[in-house]
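One line per chain: the protein sequences are A and B, in this order.
Residue numbers for the first sequence, in my numbering: 1 to 708.
Residue numbers for the second sequence, in my numbering: 1 to 208.
Keep in mind the hints are simulated off the structure, nothing from the lab.
Take every hint as true, because none was put in to throw you off.
In silico SDA-like cross-links for lysine to any residue, where the CA-CA straight-line distance does not exceed 25 Å:
no.: 1; chain 1: A; residue 1: K146; chain 2: B; residue 2: G174
no.: 2; chain 1: B; residue 1: K56; chain 2: B; residue 2: R133
no.: 3; chain 1: B; residue 1: K136; chain 2: A; residue 2: D154
no.: 4; chain 1: B; residue 1: K164; chain 2: A; residue 2: G230
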Amino acid sequence: MIATLSHTARYGMAMMLALLATLLLVGPAQAQSSFGSGDTPNISAAFEVESEAPKPGETVTVALTMSPAPTWHGYWINPGDAGIPATLDWTLPAGVSVGELQYPVPDTLIIGGIMNFIYEEDYALLLPLTLDKSIAPGTVLPLSVKAEWLACTDEICVPEQDELSFTITAGAGAVSDEARARFDGWRSRLPAPLGSEASYAVSGETIRVSIPFPADSAAEEPYFFPLTDGVIDYSAPQKAMRNGDTLVIETAARSTGGVPLEGVLRIGAHQGLSLTAQDAGEAAFGALGEGATAMDDGSGSALAAGGTTTFFLAFGGAIIGGLLLNIFPCVFPILSLKAISLAKAGGDEGEARSHAVAYTAGIVLFCLALGGAMLALRAFGAEIGWGFQLQDPRIIFVLLILFTAIAFNLAGLFEVGNITIGNDLAAKGGSKGAFWTGALAALVATPCSAPFMATAMGAAIVLPPLAGLLIFVGLGLGLALPFLLLGFVPPLRKMLPRPGPWMDSFRRIMSVPMFFSVLALAWLLGQQTGNSGLIIGLAAALTFALFLWWVGRRQQQGAERSWLPAAPALATAAAAMLVLPVAAGGVAEASAESSSETLASTAFSETKLASLRAEGRPVFAYFTADWCITCKANEAAAVQREATANAFANANVAVLKGDWTRRDAEITRYLEEHGRSGVPLYVYYAPGGEAKILPQVLTVDTLTSLVS
Amino acid sequence: MLKQTLIATAIVGATLGSYALIAPSQAAVQTGAEARGFMLTNADGERVSLRDYRGKTVVLEWHNPGCPFVQKHYNSGNMQKTQAAAKADGVVWLTINSGAAGKQGDLTAAEAKAMIADQDFNASHYLFDRDGRVGKAYGAKTTPHMYIIDSSGKLVYQGGIDDKPTANQADIAGARNHVTEALKEIKAGKAVSVASSRPYGCSVKYAS
Chain A
1 MIATLSHTAR YGMAMMLALL ATLLLVGPAQ AQSSFGSGDT PNISAAFEVE SEAPKPGETV
61 TVALTMSPAP TWHGYWINPG DAGIPATLDW TLPAGVSVGE LQYPVPDTLI IGGIMNFIYE
121 EDYALLLPLT LDKSIAPGTV LPLSVKAEWL ACTDEICVPE QDELSFTITA GAGAVSDEAR
181 ARFDGWRSRL PAPLGSEASY AVSGETIRVS IPFPADSAAE EPYFFPLTDG VIDYSAPQKA
241 MRNGDTLVIE TAARSTGGVP LEGVLRIGAH QGLSLTAQDA GEAAFGALGE GATAMDDGSG
301 SALAAGGTTT FFLAFGGAII GGLLLNIFPC VFPILSLKAI SLAKAGGDEG EARSHAVAYT
361 AGIVLFCLAL GGAMLALRAF GAEIGWGFQL QDPRIIFVLL ILFTAIAFNL AGLFEVGNIT
421 IGNDLAAKGG SKGAFWTGAL AALVATPCSA PFMATAMGAA IVLPPLAGLL IFVGLGLGLA
481 LPFLLLGFVP PLRKMLPRPG PWMDSFRRIM SVPMFFSVLA LAWLLGQQTG NSGLIIGLAA
541 ALTFALFLWW VGRRQQQGAE RSWLPAAPAL ATAAAAMLVL PVAAGGVAEA SAESSSETLA
601 STAFSETKLA SLRAEGRPVF AYFTADWCIT CKANEAAAVQ REATANAFAN ANVAVLKGDW
661 TRRDAEITRY LEEHGRSGVP LYVYYAPGGE AKILPQVLTV DTLTSLVS
Chain B
1 MLKQTLIATA IVGATLGSYA LIAPSQAAVQ TGAEARGFML TNADGERVSL RDYRGKTVVL
61 EWHNPGCPFV QKHYNSGNMQ KTQAAAKADG VVWLTINSGA AGKQGDLTAA EAKAMIADQD
121 FNASHYLFDR DGRVGKAYGA KTTPHMYIID SSGKLVYQGG IDDKPTANQA DIAGARNHVT
181 EALKEIKAGK AVSVASSRPY GCSVKYAS
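Required output: the full structure, derived from the provided sequences and hints.
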């Protein structure tokens, strides 16, 4: 490809000659042409054609790459409240045509209350360029384009424009690896077609957009960028909610609806889904939001104007939630034991109060630390739930060992001194011990309350950081409240059973829920690390218990330094933790996937497909994405079925699965070659046969009839 | 345990439900609704109230001299021509600058007067709205952003000056000037056929 520049009439000819000379020397290796603007533009633009010699009869991608200078930004196709998108005015020879500009997923920028949909980093607008098949290879085709775009900072805007003329030479369509990689990078930032229809409803000044989105698929900072103007108030904050297999965006409306609403849903950094939502009518408004739970909102300010009543409701909810945690099996034994030690204090008011306060402080500070850590993690964009510390199997392991020790302690295997909790810090007498028991209670409350508290945590996360932290404080206060009451309201304490021999029996009984907690933790550990991790955990727990038994024996015998066997116990546990499979997410996902897939598959690649076909094996290839609800439905209804798996196994069908969740470039090309812009796609290759594209909606019969 | 879980879920649900009650407030004026009154200071330091022009058709034009989209219509003479035609028909034209102090387009009264003379403005008044209160009340987003208020005080048009959203003067010739067309229809006693359009231009440089 030869590229020439002609900025304006004055410099045009001279620059063209200069550039021609340069290109003759350099050769066609660099197929990139920059606009020759006299001044340095605030957004420099350049054109690049993916193939240096596009093939007649085929479509090649052209990129308009835009590089904003620091503090400058360019605009999305819908610029928002202000600004304008880039325009291209082409002059093309016969037989050459260009398609629509494709825009990557933009960012939001609010300036003085006015929303802008923009790009601040380098970005590329792509467009398809098609050569008619009547064009003979070797034909030199002159193209020219006048491009206009708006470059803005927070303060000022500058319209920039330029004209570029270049030639392309029809050829064999070869694409260099470097160009392919560069274009694939740009393509991965384009929105993917959602593939199923969304709906929306307007009620008063509020609009809800309901988007099919699988419950188990992650969406980071979801935000709906509208393409259709006038339906949504751009500058209003958006609130994202999840409800099973739908994601609901709620924001301010600008009209009463009635028109299809097109837009792009952001589901991650530079990741988006293009979709169209139909007006479901005002009557559907309630149903669209029903049961939806709030998640992180895009702008983080949805609740800034939320008023204090909302906050107090959430705060009150958190306190009551924390209170309820007290009767959960893994917290109750600790509370009871604190009550026992209080009873042991024998009515000393001062000590009871200081115990209660220390216990409360321990819980609240732990909750605060947890909340702070969670909010910090959230700032890094990590996808976390309330029980996020449990996502690391090493934490589970430590809890498993700890709980085993507590359970055996409660059962009377060994003693820890005054306060009967198997934790060194909690074991410290007086207020210090109470403080650590409080912290332990909160830590212990996390695993068994995770599913129950997840929704409340969602609410806490929506709030600004300070309010979010206060929600955590509320949780802690609620958790501490019963003990606090015992400490400060003597009549209540009088209702406590008097100390006596029953305490020992009670303590033994309390070991039962603790052992159940151990079981639950073992199950969790198994889920995360598989069978070998579970065995390592159980073996470590058993060894630990045996050493503790030894401790108990020494204590009974009144041996000096009866705690000596605890050292090898801790050492074994630490060693076991080191050999524990730690790739938490990966292991968990892999094991979950292999066990849930009735029809086993291997990852799709062109080479794999080619080699299987060369072997003469029948091949079934299916293309799916985590966010694709149609794909999930087809997989559940037809692909992952016993009948399908058996039929395919009998016919020795090789199954390839293409996961397009992250817009894998190789899969994108395969989809395009088969006339699709998105998933799902189901293709069957009979031995020696060509690709047979199967319908979008599959049944078991469709699949089994392929091989019968 | 199940019972407690249900109670807790209900509490959490109620908490979350309260979030749904929060609807962000909207400042924009609906077409067909009563236009909001305002009082601003003009380039001569006089107070100008919308109420002074009750019974007349009033055009509001949001202005920022540094904005290339505004320059497109002033350097070409298009805006002055539109203003002159309106003036000839007895229409009041209020040009409003909502740029905050220190932001692009912020002018002193003297600078504004020089600009008005230099660029042959035909507006009735050049008004300052540095705190952006009037701009926000009308939902002015861009410069230019045009509003027409009829003689009964109702907002009958809001949107762009024309239908070619570019900064290129060459595009004015082929564009439909929404303000000119609406004023013609109002003069003829007809309803405004294009009562709203998408405004285009730079964002109004509000303080916050």
